[in-house]
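Peer 1: What follows is each chain in one-letter form.
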Amino acid sequence: MARRKAAEVTLVEAINLALHHEMARDENVVVLGEDVGANGGVFRATVGLQEKFGPGRVIDTPLAELLISAMAIGMATQGLKPVAEIQFSGFMYSCLDQLANHAARLRHRTHGRITCPMVIRAPNGGGIHAPEHHSESVEAFFAHVPGLRVVVPSTPARAYGLLLAAIRDPDPVVFLEPARCYRLFREAVADDGIAAPLDTCFVEREGTDLTLISWGGMMHEVRIAADQLAADGVDAEVIDVATLKPLDTQTLVASVAKTGRCVIVEESPRAGGWASEIAAELAEHAMMNLFAPIARVSGYDTIMPLARTEARFIPDVGRILSAVRKTLEIAPLG
Amino acid sequence: MQTPDEARTRVASFEIFLTRFLDDDGRPLCRLPAAARRPQRLLHAYRLMARIRAFENKAVALQRTGQLGTYASGLGQEAVNAAIGLGLARDDVYLGNYRECGVPLARGVPMAQILQYWGGDERGMAWPRTVPAFHDFPFAVPVASQVPQALGVAYAMQLRHEKRATLVTCGDGASSKGDFAEAVSAAGVWKLPVVFVIINNQWAISLPRSRQCAAVTLAQKGLAGGIVGEQVDGNDLIATCHVIETALARARSGAGPQLVEALTYRLADHTTADDARRYRDAAEVDTARKHDPLARLHAWLEAQCGFTAQDETRLQAEVAAEVGVAVKTFLATPAPPPEALFDALYAELPPALHAQAFAAAGGGEA
Ligand SMILES: Cc1ncc(C[n+]2csc(CCOP(=O)(O)OP(=O)(O)O)c2C)c(N)n1
Ligand SMILES: [Mg+2]
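Protein chains in written order, with the numbering used here: chain A, 1 to 334; chain B, 1 to 366.
These are computed hints drawn from the structure, not numbers from a lab. Don't take every hint at face value.
As the list claims (entries may be wrong) - Taking lysine-lysine and the DSSO-like style, the derived pairs with C-alpha atoms no more than 30 Å apart in a straight line are:
#	chain 1	residue 1	chain 2	residue 2
1	B	290	B	58
2	A	52	B	163
3	A	52	B	191
4	B	328	B	290
5	B	191	B	177
6	B	163	B	328
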């Protein structure tokens with residue numbers, strides 16, 4: 001593969017770059033969704049694709065989310081590699097039936113006779129001052145389903161590499177993009193076609209005092225919190241979960257076994273959120289190494305509020321730091 | 001000056017046609033299409049219907065004797081199942097629901113495997129690569145969910161400029177679901193090579209057709225999506241073959257999608273777990289028996305093709321033998337091993353699941 005110069009791109013531009021790359025590389029890749037063609041998607045993730053690859057492969061669908069998910073399944077069974085876009089993750093609930101009852105289990109229930117290599121992607125989470133239903137964090141709904149992969153990128157480079165991996169994966173992937181990070185910062189991304197590993201957590205900062213675990217949009221606040229902790233002399237290890245299902249418990253357990261302290265940060269409501277699953281795994285496999293109880297910092301068990309109060313719902317750096325301080329109070333650094 | 005009512009203009013008007021060739025006694029109502037007059041074809045179709053019926057009856061008997069799980073019999077719907085099975089070309093793709101076992105039977109799936117599935121073993125859906133049904137979908141249990149999937153299958157065929165068609169069946173109850181509406185509404189936009197067949201057996205568990213939707217026909221739901229919608233007497237094998245073959249040929253030629261409402265009747269209980277006497281009159285079922293699709297074709301074969309009582313006896317014996325062998329094979333198949341839970345869950349079992357798979361296989365809790 002020719003080495004391309006790394007350009008500074010945003011997360012949404014990285015998504016676009018990955019789609020361009022994979023559509024050029026593999027003629028079986030098709031993109032479908034609402035307004036993905038001439039309009040380039042409401043967040044512009046699919047800009048330029050239809051011009052380049054034509055309306056046959058970049059498909060403006062009628063306004064029907066259930067249909068979009070079901071069509072992707074039908075296409076995938078025929079050897080196409082559909083990448084379906086849902087405009088906002090809050091509108092994915094009508095896809096849940098198709099994904100849980102069909103995409104996730106076609107391979108198993110036919111013993112491999114029929115498979116479903118599809119990606120369904122959507123912007124996820126709040127913080128963009130959008131109307132009601134446009135700011136939901138839905139990852140736990142999908143992560144509960146056996147047979148699915150759930151992937152949530154947190155940086156432009158990881159978005160590029162993980163989306164390539166998701167498209168190339170032979171099984172269905174739910175790919176949830178943190179909407180408020182779409183244009184939050186730029187990062188050098190080489191359009192080199194190299195996929196990032198799925199099913200692997202990324203230890204993006206090594207530390208010895210405590211483990212901060214998160215994914216998607218919350219990684220931004222977690223990184224800031226880790227910087228502030230470092231300034232105070234606390235050496236936090238930071239892990240981006242990236243693939244929520246299947247969960248790379250091994251990396252998480254190894255880290256917490258080393259640090260003995262853990263704070264898990266997520267945006268979705270607390271009860272039954274994916275932080276709970278991670279906490280349970282850590283309790284089962286790293287309990288004897290813990291100096292303090294595992295802490296969760298989550299959204300509340302409330303309805304995601306409208307724009308004027310959404311910042312109170314989404315965990316901020318202050319809430320993360322106070323959870324860390326509590327952990328350190330229980331088990332001070334030695 | 002015109003009144004406001006007079007000032008309205010007619011923008012569109014529609015018609016729905018019903019195709020029927022044979023009356024209940026198997027007498028022709030018109031000159032039949034050439035294909036229908038070929039005795040070999042009709043004998044072949046009749047044999048298929050007899051196989052399907054024998055299978056349906058045996059499946060229910062197996063359930064009643066504790067040898068099969070809950071079963072949804074297609075008794076009375078053999079003609080439309082056979083017509084679909086015969087109309088589909090090898091390369092076409094079929095999607096349907098739990099009651100249409102006749103279609104995979106027609107497309108080469110071994111009877112024993114269909115029994116295996118209803119006996120509670122996923123391997124019953126691992127159809128052999130050699131049969132025409134190999135690319136067909138497994139039975140859909142969530143009602144209507146298969147209908148929008150058919151558009152994706154058909155889209156792939158169209159994108160690759162293939163002369164293939166997709167056919168999807170669903171019930172009268174299924175036609176009330178949003179899945180169905182979204183699919184029919186969109187199919188015409190791309191002129192996809194897809195044929196929707198509503199198998200209207202008049203009942204959705206205990207809900208009669210009249211309580212499902214106030215529309216005079218279900219076929220007209222096709223018109224709402226801008227595609228052809230028509231009815232056929234689904235107990236008239238010759239008519240149903242004609243309508244389905246025509247629709248499939250149109251689809252393969254690029255002329256676009258079509259909706260067919262096949263009128264039939266569910267002679268059986270909804271499933272073996274149901275007792276239809278709770279909600280429908282015995283008299284209605286007795287009347288429906290007079291429209292039995294096998295009897296009708298049998299009468300035609302006797303009158304037109306020299307089919308004799310001896311031929312019938314021989315056919316029944318052959319079919320019973322086939323079913324008997326299938327039942328033996330099915331009953332002799334051991335249950336899947338415990339580790340099969342994790343088989344084909346993903347292309348490769350993720351390391352995250354290794355401990356669970358080990359535990360399930362008897363290795364002890366992870
Ligand atoms: C989505 C969904 N809802 C409910 C059921 C339970 N159920 C199974 S079959 C059935 C009736 C379906 O009627 P119809 O579509 O007419 O098909 P038929 O059973 O008559 O062949 C119902 C309600 C189901 N399987 N799926
Ligand atoms: Mg019905």
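Peer 1: Which numbered conditions among the earlier hints are violated in the structure presented, ordered from lowest to highest?
Peer 2: 4, 6
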